[in-house]
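*Asks:* The residues making up each chain are set out below.
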Amino acid sequence: MNYALAVYGATGNSQAGQTALSFAKAVLASGHSISRIFFYQDGVQNASSLSNPPQDEVNLPSEWQALVQQHGIDAVVCIAAALRRGIVDAGEAERYQLPANNLAEGFELSGLGQLLESLIETDRLITFGA
Amino acid sequence: MNYALAVYGATGNSQAGQTALSFAKAVLASGHSISRIFFYQDGVQNASSLSNPPQDEVNLPSEWQALVQQHGIDAVVCIAAALRRGIVDAGEAERYQLPANNLAEGFELSGLGQLLESLIETDRLITFGA
Amino acid sequence: MSQTSVCIISSQSPYRGQGAREALDAALVSASYDLPTSLVLMGDGVYQLLDHQAPDQLPRKNLLAMFKSLELYGIDTVYVDSESLAERGLESEQLLPVYTLLEGDGVATFLATQAKVLNF
Amino acid sequence: MSQTSVCIISSQSPYRGQGAREALDAALVSASYDLPTSLVLMGDGVYQLLDHQAPDQLPRKNLLAMFKSLELYGIDTVYVDSESLAERGLESEQLLPVYTLLEGDGVATFLATQAKVLNF
Amino acid sequence: MATLHTVNKNGQPLELCLRVVNKGDSLLLIEDGVYALFEVPDILAELIKDVSLYVLEADVLARGVSNRNELEIELVDYQGFVSLTETNEKTLSWF
Amino acid sequence: MATLHTVNKNGQPLELCLRVVNKGDSLLLIEDGVYALFEVPDILAELIKDVSLYVLEADVLARGVSNRNELEIELVDYQGFVSLTETNEKTLSWF
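Line by line, the protein sequences give chains A, B, C, D, E and F.
Residues 0 to 129 (numbering that gives the first Met the number 0) are what the first sequence spells out, left to right.
Residues 0 to 129 (numbering that gives the first Met the number 0) are what the second sequence spells out, left to right.
Residues 0 to 119 (numbering that gives the first Met the number 0) are what the third sequence spells out, left to right.
Residues 0 to 119 (numbering that gives the first Met the number 0) are what the fourth sequence spells out, left to right.
Residues 0 to 94 (numbering that gives the first Met the number 0) are what the fifth sequence spells out, left to right.
Residues 0 to 94 (numbering that gives the first Met the number 0) are what the sixth sequence spells out, left to right.
No wet-lab data here; the hints were simulated from the structure.
There is no bait here: all hints are sound.
Stretch-level coverage of chain C by chain B, calculated; a stretch enters the list once three of its residues show a Cβ under 8 Å from a Cβ in chain B:
#, stretch
1, 9 to 20
2, 51 to 62
Straight-line alpha carbon distances no greater than 30 Å define the calculated DSBU-like cross-link-like pairs of lysine-lysine that follow:
#, chain 1, residue 1, chain 2, residue 2
3, A, Lys24, F, Lys89
4, B, Lys24, E, Lys89
5, A, Lys24, D, Lys60
6, C, Lys115, A, Lys24
7, D, Lys115, D, Lys60
8, E, Lys48, D, Lys115
9, B, Lys24, D, Lys115
10, D, Lys115, E, Lys89
11, F, Lys89, F, Lys48
12, C, Lys67, C, Lys115
13, F, Lys48, F, Lys22
14, E, Lys22, D, Lys115
15, F, Lys48, C, Lys115
16, F, Lys22, C, Lys115
17, F, Lys22, F, Lys89
18, C, Lys60, C, Lys115
19, C, Lys115, F, Lys89
Treat the numbers as computed from the prediction; the structure is a model and nothing was measured.
Note that CB positions come from ideal geometry on N, CA and C, so glycine has one too.
With these hints in hand, go ahead and build the complete structure from the sequences.
*Replies:* Right, dumping it as structure tokens:
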């Protein structure tokens, strides 16, 4: 089957990122494919290139990066949710004259349409709420 | 009286940043002083230089910046909470070889000791939870 | 995309965070792709339709204004779970009249027919 | 700093987010400044002391291990609200035995005496 | 020591606050906590006997919440919130 | 259309799920939702009559939660979670 995941929480106040990551690995281990992971709401923090937790904690952005690059998964971060929460790529940083960019490699900013497309076109969309 | 504020939430999943900002303005308007605002937990996102909400929404980091600079308030962001959530200044970015920094001007990273110091030494510490 | 219909469930209160606003955005985008889109308000989500909201007090964007223009965007079906109203002591007259009330098992029955659902 | 005592109230469950961990960090920092520090667990916070936690399953850092070393850090007073246990059907034997149980109005009475309190 | 309690949502924050509030304390409902006027008016009516009850005006107006049961609750603005933190020796925040 | 429901905490998420769950559906408790074994065992015992009930093993073990009331609940790992999303035509997430 072809799966898509929607992730609405990050490390700070939610377990969503961690649960979604473990679920994604199990989907792939079960022989299914994942076409897209869509990060929305506070889930956009999963795509920060600047998160740097202590050694004894998981660095979720790095884990996602490794997973999506190894399996060629589309990792999409909702652009409106990201701008609101301070996650930007080089293009948006330039457009809005922001002093830096912090979208980790392997992720791309795009619109909510990508979430709706996944809902309609994949066999299963599984949501991980905050 | 001398006040300190502790702020534990940001825009995404909480009203804490907004309530704390309105409260801070009222404290100053009442003739009191604020020695320090301490941003902890998800509240560290209030200090992002990259947050860029749509025109019809409040940009909390800019609002805080204006307030603390105008009134000479110490705006401290907990360093451990910030690193975990991808908020870093130039020094930390260099130390951990991160690709950029995103702590807005007017804020500084420091330890939890600053929160305890404010609790002990100010007349009132008011906490705004997520 | 095909003409499959989409159902958005929104159960967050309007002004705590961005949850309610971002659920509504998802519904609007769905409708903008000409997908038949319904919106179901349950739990604290019913507060989104409470009349006489004045979020400029905070200040926040007025969600109620967005609900008033839902039909323009092609969303003509907003369902409200009547039990969620009753638990909050709300009368249906206190809400902006743009919705259909689902009584009893109405929400369960409706959701069982929907293949494509997004929770918020 | 003076010898004022500090009370930290922790009412979050251990592994949902970082709330419980970050409350414990605040207590440890308080004690490291030689401030007499007490920790009060209420509501979902009592789950932090539940025995036999294995958070390496997630993986997350083991909070229980931090509680085992609290005395080393100079925190010898951990209070647990007995009503919060009862509501969850928990017996006090299911918790790591490093705490004092506060029955009835115990928490209210204790907090009323504390000048410097931090909620988490 | 007179205490101001703030409550920013129903559920656990309100429950824990009710467990520790003492006679003579003040309680201020803020943010989603103001929905208590709709959800638990009976609990608030009982509480008023021992505790001074306040709601933050901006949050009440923003949400369109009304004091339907005509409880003895005072509407305060942010300056009123500040005054409450002055007159009470400490503030506990339930969230 | 058989549905898998996931619930990640008690309170509103569990309540709303219970309101819409249909006979033959499956319910998987994840994250803080596994505390339902302690907090609402009677509700779960009632639910089992119509619904297949599962808990996510990693979250149960991480938290030290036990199935004290010996409810007929199946422990599943992440692969088992995936299987449930296969066999049910859709998944609703309550959070």
